[in-house]
Structure formats: structure tokens, C-alpha cells
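Novice: Sequence:
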Amino acid sequence: MLREIAEHVESWNVDWQTWQGVPLSTGELRLRFPRFDQILPIYWGQDGVAISDDMQDATTEEGIRMYIEETHPRCPWELPSVVSECYQALALFHTEEQMDRFFAGEAMGGGSGSEDFLDFFPLLAQRCIEHLKEAHSPLWEPKRRWPRRETD
1 MLREIAEHVE SWNVDWQTWQ GVPLSTGELR LRFPRFDQIL PIYWGQDGVA ISDDMQDATT
61 EEGIRMYIEE THPRCPWELP SVVSECYQAL ALFHTEEQMD RFFAGEAMGG GSGSEDFLDF
121 FPLLAQRCIE HLKEAHSPLW EPKRRWPRRE TD
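Here UniProt numbering is used: position 5 in the sequence shown is 5, and no number is missing along the way.
Bear in mind the hints are in silico, worked out from the structure with no lab data behind them.
Keep in mind that this is a model prediction, so the values were computed, not measured.
Glycine included, every Cβ here is placed at the ideal spot set by N, Cα and C.
It is possible that part of the hints are untrue.
[To be verified] Derived DEER-like restraints, expressed as beta-carbon distance ranges:
#, residue 1, residue 2, range
1, 142, 28, 34 to 44 Å
2, 70, 133, 10 to 20 Å
3, 109, 59, 35 to 45 Å
[Stated by the list, open to error] Derived DMTMM-like pairs: lysine to aspartate or glutamate, alpha-carbon spacing no greater than 25 Å straight-line:
#, residue 1, residue 2
4, 133, 96
5, 133, 57
6, 133, 62
7, 133, 70
8, 133, 69
9, 133, 119
Build the full structure now, drawing on both the sequences and the hints.
Specialist: Right, dumping it as C-alpha cells:
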């Protein structure tokens, strides 16, 4: 089915200039952030668990740590996509205002604790990566080493 749709779209013979002039809708852009769509409102949105009364004196890092602890031991399957979405957000949105409008307003109703999104996303990504390196072995190991060729 997807192949048929792709072939149909290719048959339109429209160049990239046409597509570049049309911005993505909020709904289309939201599809790029399936993890954020869940975790930002639940953890850092209004009344989110990382900023609730019990956590009101907690730092943003403590909220991130709480999120990571709650994903454990599923971290190797969940955190890499969170890291990806952090960097995708930084690449797609150029200003704090754009991020705030999208992630805290129009699209998700999420938040970033007491940090700006420009600071929050790199921090979240880094803490996820650190946790994966410290608490989990790599998911993939080569079965055998490739033989090295000697160069002339």
C-alpha cells in the first residue's frame, strides 16, 4: 500500500521548490515527535510529575533523572529515540520562541521545567546518553572482528 502511495506521489512530477514553499502543519510536525508527545506533557507540562508539588524544589536535572529512572530497565529501547527527538527539535526550530510555541502551546502542552527549551533539550539528550553508557551494555556487538588489511 505504501509503495503505491509513493508511486502515486512520484507521478505528480512536482519539483522540490514547490514542496519547500509549503510549511508543515502542526499535525504533520507533531508526527516527528512521538516520544515528546507523551513525555513533555506528562512530566513537564502543567501539573506534570517532574514539576508537581512533590517536585517543586527539584532542579530540571532531578526531573530528568526521575524520568530516566521510571523508564528503567526499558531505557535502551526508549531513550535513544528521545535523544533523537531532542536533536531533531534543535535542528527544526531555530528560536526559543518557536520551540515554546510548539512544544508548550499549539502542539503538545508540554514544558521544559525551569529551563528554556534551547537548554533543556541538550541537557535531556546528554543525561539519556550518559545513563545508557553507565547502566546498560551496548545492544549490539560484532560476532567477530573484521580482519585488518595491511596497507602497502
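Novice: Hint by hint, work out which the structure violates, then give me just those numbers in ascending order.
Specialist: Per hint list: 3, 4, 5 violated.
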